[in-house]
Amino acid sequence: MRCNEATGLLLPAAAPGTPLVAVAPDWLCAAHTALTRPGPHAVPDTEGPLHGVIGGRRVAAYPSVRTDGSVAWWLVDDTDHQLVREALRVERERTAFLAKASNVLLSSLNLGRCMDVTAQLAAESLADAALAIAPPRGHRLPVVTCLRGGSPALSTQEGVDPDDVPGLGEALRGFPPVPSRWIDPATAPAWMVPPGFGPVGSIVITPLPGHGVAAGALILLRRTENAAFTDEEEVFARLFAARAGAAMSAARLYAEQTAITDVLMRELLPPTLHHISGVDFAGRYRPSADHERVGGDFYDVHPAAVEGEASLVSLGDVCGKGLEAAVLTGKIRNTLHALLPLADDHRRMLSLLNTALLNSHHTRFATLVLASAVRRGNMVDLKLTSGGHPSPLIIRSDGTVEEADTNGTLIGALPDITATTAEASLAPGESCVLYTDGITEAKGGPMGDALFGEGRLKRALTECAGMPAEGIAEHVQMLAAQWLGNRSHDDMAVVVISAPRTHHLSAVNGRTRGRFTA
Amino acid sequence: MNTSTQPPPSRSEHAVRSADLLWGAVSVSDEGAATELVLGLLDEGTDPESVLLDVIARVQARVGEEWAAARMTVAQEHAATAINDRAVAAVSVHSAARVTATRGRITVACVDGEWHGLPARLLAEVLKLRGWQVDYLGAQVPTRHLIAHLHGTRADAVALSSSIATRLPTAHAAITACQAIGVPVLVGGAAFGPEGVYAKTLGADAWAPDARTAADHLARGRLPRPEPDHQQFDDLPHLADQEYTMVDRNSDSLVRSVYTELEDAFPGMRSYDDLQRERTAEDLAHIVEFLATALYLDDEELFTGFITWTAQILVARGVPDRSLPPTLDLLARELKDFPRAVRILRAGTRSITTAPFTAARNIA
Numbered sequence: 001m002r003c004n005e006a007t008g009l010l011l012p013a014a015a016p017g018t019p020l021v022a023v024a025p026d027w028l029c030a031a032h033t034a035l036t037r038p039g040p041h042a043v044p045d046t047e048g049p050l051h052g053v054i055g056g057r058r059v060a061a062y063p064s065v066r067t068d069g070s071v072a073w074w075l076v077d078d079t080d081h082q083l084v085r086e087a088l089r090v091e092r093e094r095t096a097f098l099a100k101a102s103n104v105l106l107s108s109l110n111l112g113r114c115m116d117v118t119a120q121l122a123a124e125s126l127a128d129a130a131l132a133i134a135p136p137r138g139h140r141l142p143v144v145t146c147l148r149g150g151s152p153a154l155s156t157q158e159g160v161d162p163d164d165v166p167g168l169g170e171a172l173r174g175f176p177p178v179p180s181r182w183i184d185p186a187t188a189p190a191w192m193v194p195p196g197f198g199p200v201g202s203i204v205i206t207p208l209p210g211h212g213v214a215a216g217a218l219i220l221l222r223r224t225e226n227a228a229f230t231d232e233e234e235v236f237a238r239l240f241a242a243r244a245g246a247a248m249s250a251a252r253l254y255a256e257q258t259a260i261t262d263v264l265m266r267e268l269l270p271p272t273l274h275h276i277s278g279v280d281f282a283g284r285y286r287p288s289a290d291h292e293r294v295g296g297d298f299y300d301v302h303p304a305a306v307e308g309e310a311s312l313v314s315l316g317d318v319c320g321k322g323l324e325a326a327v328l329t330g331k332i333r334n335t336l337h338a339l340l341p342l343a344d345d346h347r348r349m350l351s352l353l354n355t356a357l358l359n360s361h362h363t364r365f366a367t368l369v370l371a372s373a374v375r376r377g378n379m380v381d382l383k384l385t386s387g388g389h390p391s392p393l394i395i396r397s398d399g400t401v402e403e404a405d406t407n408g409t410l411i412g413a414l415p416d417i418t419a420t421t422a423e424a425s426l427a428p429g430e431s432c433v434l435y436t437d438g439i440t441e442a443k444g445g446p447m448g449d450a451l452f453g454e455g456r457l458k459r460a461l462t463e464c465a466g467m468p469a470e471g472i473a474e475h476v477q478m479l480a481a482q483w484l485g486n487r488s489h490d491d492m493a494v495v496v497i498s499a500p501r502t503h504h505l506s507a508v509n510g511r512t513r514g515r516f517t518a
Numbered sequence: 001m002n003t004s005t006q007p008p009p010s011r012s013e014h015a016v017r018s019a020d021l022l023w024g025a026v027s028v029s030d031e032g033a034a035t036e037l038v039l040g041l042l043d044e045g046t047d048p049e050s051v052l053l054d055v056i057a058r059v060q061a062r063v064g065e066e067w068a069a070a071r072m073t074v075a076q077e078h079a080a081t082a083i084n085d086r087a088v089a090a091v092s093v094h095s096a097a098r099v100t101a102t103r104g105r106i107t108v109a110c111v112d113g114e115w116h117g118l119p120a121r122l123l124a125e126v127l128k129l130r131g132w133q134v135d136y137l138g139a140q141v142p143t144r145h146l147i148a149h150l151h152g153t154r155a156d157a158v159a160l161s162s163s164i165a166t167r168l169p170t171a172h173a174a175i176t177a178c179q180a181i182g183v184p185v186l187v188g189g190a191a192f193g194p195e196g197v198y199a200k201t202l203g204a205d206a207w208a209p210d211a212r213t214a215a216d217h218l219a220r221g222r223l224p225r226p227e228p229d230h231q232q233f234d235d236l237p238h239l240a241d242q243e244y245t246m247v248d249r250n251s252d253s254l255v256r257s258v259y260t261e262l263e264d265a266f267p268g269m270r271s272y273d274d275l276q277r278e279r280t281a282e283d284l285a286h287i288v289e290f291l292a293t294a295l296y297l298d299d300e301e302l303f304t305g306f307i308t309w310t311a312q313i314l315v316a317r318g319v320p321d322r323s324l325p326p327t328l329d330l331l332a333r334e335l336k337d338f339p340r341a342v343r344i345l346r347a348g349t350r351s352i353t354t355a356p357f358t359a360a361r362n363i364a
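Those protein sequences? They're chains Z and F, same order as listed. Residue numbering for the first sequence follows the UniProt record's numbering, beginning at 1 and increasing consecutively. Residue numbering for the second sequence follows the UniProt record's numbering, beginning at 1 and increasing consecutively.
Keep in mind the hints are simulated off the structure, nothing from the lab. No residue lacks a Cβ here, since even glycine has one placed at the ideal position from N, Cα and C. It is possible that some hints are incorrect.
Which chain F residues face chain Z? A few, computed with CB under 7 Å, are given here [what the hints assert, rightly or not]:
{"no.": "1", "residue": "Thr73"}
{"no.": "2", "residue": "Pro142"}
{"no.": "3", "residue": "His151"}
{"no.": "4", "residue": "Asp252"}
Next comes chain Z alone, as it looks inside the complex (with noise of 0.2 Å):
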């Protein structure tokens, strides 16, 4: 071999005419063989220099064939660079797990599914397990473990007093801030390892910050080879933590507030209607937007506090939408519920509850229908009354579609109002269907510029003859919707009070027991 000077610093051996197997390592030797091997041979692909460790060092080695079919050899130093490259790698990965992280914790707003992502995730890339605790309800301690490479499981600990843990109580409490926390595995409590997790060679309990709310903590469990952390690994465990106590704070900021909303708005929501004392009814809403669940139409059916007694329905639309024209309709249903021992009356009914509302701070007024349904034998008796509302449309049995007659003032907005009742009655398979405007004005149809219209209902009623109630209720609001497309509309409100059809049950086999449904 020939060398220069500069080899000896990295070759102390190396001189002039020693053979190169005596001095360089292995790796080195072995692709100089290759490049120098005699005969025709392929010249191995030298794209990119080798890599290999001399005296403790990391290097790169170039060569290059000359043209006596010697071989030059360039070593390069690059330790620096390639520990450098390492660092860089580590934090790839971990600014690309933290990324994934934000990504995954974000886009749930479940505590029981942000636990599970935080317990998996901390398990793939902190520790050989996890453990993300929820502040306690009572004395339950609801708990998700991950080994890893496993899935997330939750349990919860009864009867399991945070504080027993050092550093737990604290972590769960969320103020005053704490320091994540390291334990003697010898004084963790059973549940706190995972069955079959085997010696535990250290645990760290770290709060999840939850900025104002107690969001929770997580413990990492590591195995005795690999106990120790880092004090960067320790900075990386701080960044994810704040990152899943920020998606844990938020999801139960959002459980409550959900929770608050349904309990108002339980009171709002359009009851289910079903078979009252001989009668049929079947209801159909859909509010004005799509993300809400409730609006400015309504309608309810009140049973008769005695039996042979009249039933009383009540359907009607609030000027204005959303949630506010909401919160009336709910004032308007209590009301109609205190004055139900007058349901006799539909005028009187309506007049004082026209006095209610014009002594309300609301400025909105209301239209509405009232009908009062009765079984008589077959028959079921109606009285109808409008107070400024579209008229309930009958469909007899031969698919006529009759107009009730009434018609009243809308209420709400004058000192008097006036109201006159029609009487009708259904003969079995009839029907009377009570709608509010945002059917008929529902805009659209093929070309998107034409309402749904009286007629268009009336004709779709018309084939409708003798169907139960249930399914002209979902007809109706069906064509509406088919019309509408995805156009914009107002709240839609259907209530169908149906006279059963009846049947000869017999009639199916002759064996099963007689059960009535009429």
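Place chain F on chain Z using the hints.
Using the frame of chain Z, we list chain F on its own:
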């Protein structure tokens, strides 16, 4: 020829006979008889799942067939479905159907705009029978409601149903939204095409052809949690050409201009009454809707299947189907700057001028 003695009626024959009886009650809107019949079957000890799937679902399939063949009006279909729905309700409250939940939690819903809730309801009841805790959200569930529900509960999976192909873009939005919050989606229903081909296109986690298969699939093990950064665009790169967006957004004016031109191109229309005109415009709107869906999925067959079915329906309705080729021509002329749309429309024309009619099932 088979000379052996007649075997005793098998369970499936029993189910077929029961379905015939139920059809008899449903087709004349006899709710009492229908309810009585299914309760009788349960009292006799028939497996509730079999009552739901081999009797009620069979009758519902027949309702769909009758309607698709224009032997039943939409109103009659609704009446029949309402009664079938009551029959399902009767099964669900029978003591034989009382099962305690021992498995995870599943949310069952129909895509927004999907009115056929019965298949989803049947699945919900079957899953309850198999020990799942089920939240049934009903027909036409806006995606926002579905997502709000998922945030509030810890569902292991969503089962999403759609029978109408034109709801597929909406279904896609719902699927990706569920997956984005970490909930896997199983889809089913005629909308997803033969062998569930569109379920794959839209990136659903699983597909099942019927309620029984869906329940079996879910029983085999937890569906894997979907990857978080899946986006609608990833499934359908062709949407980049914006043809779907343009056709969908301008469908009203497209229908209006083609309708006007059609009156010139097809003089027969001048003698139509108002109702016939509205029907024609509705058919046109439907064609545009299916064209938009075919553009969304980049799938010609979805469109040609619909066109051949429309041609059959027009014949059944006593309307000459000669108006279809000029309609497609006019649409292609209006959309001449949209190469994919033109290609799909041409395929539609070919399907009615050359191919023999074949029945298509995933139609509105």
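Tested hints:
1. Thr73: For Thr73 of chain F, the interface hint holds, since the closest Cβ of chain Z sits about 6 Å away, which is under 7 Å.
2. Pro142: OK, holds: Pro142 of chain F within 7 Å of chain Z, min 4 Å.
3. His151: holds, 4 Å
4. Asp252: This interface hint holds because 3 Å falls under the 7 Å limit.
Violated hints: none; the structure is consistent with every hint.
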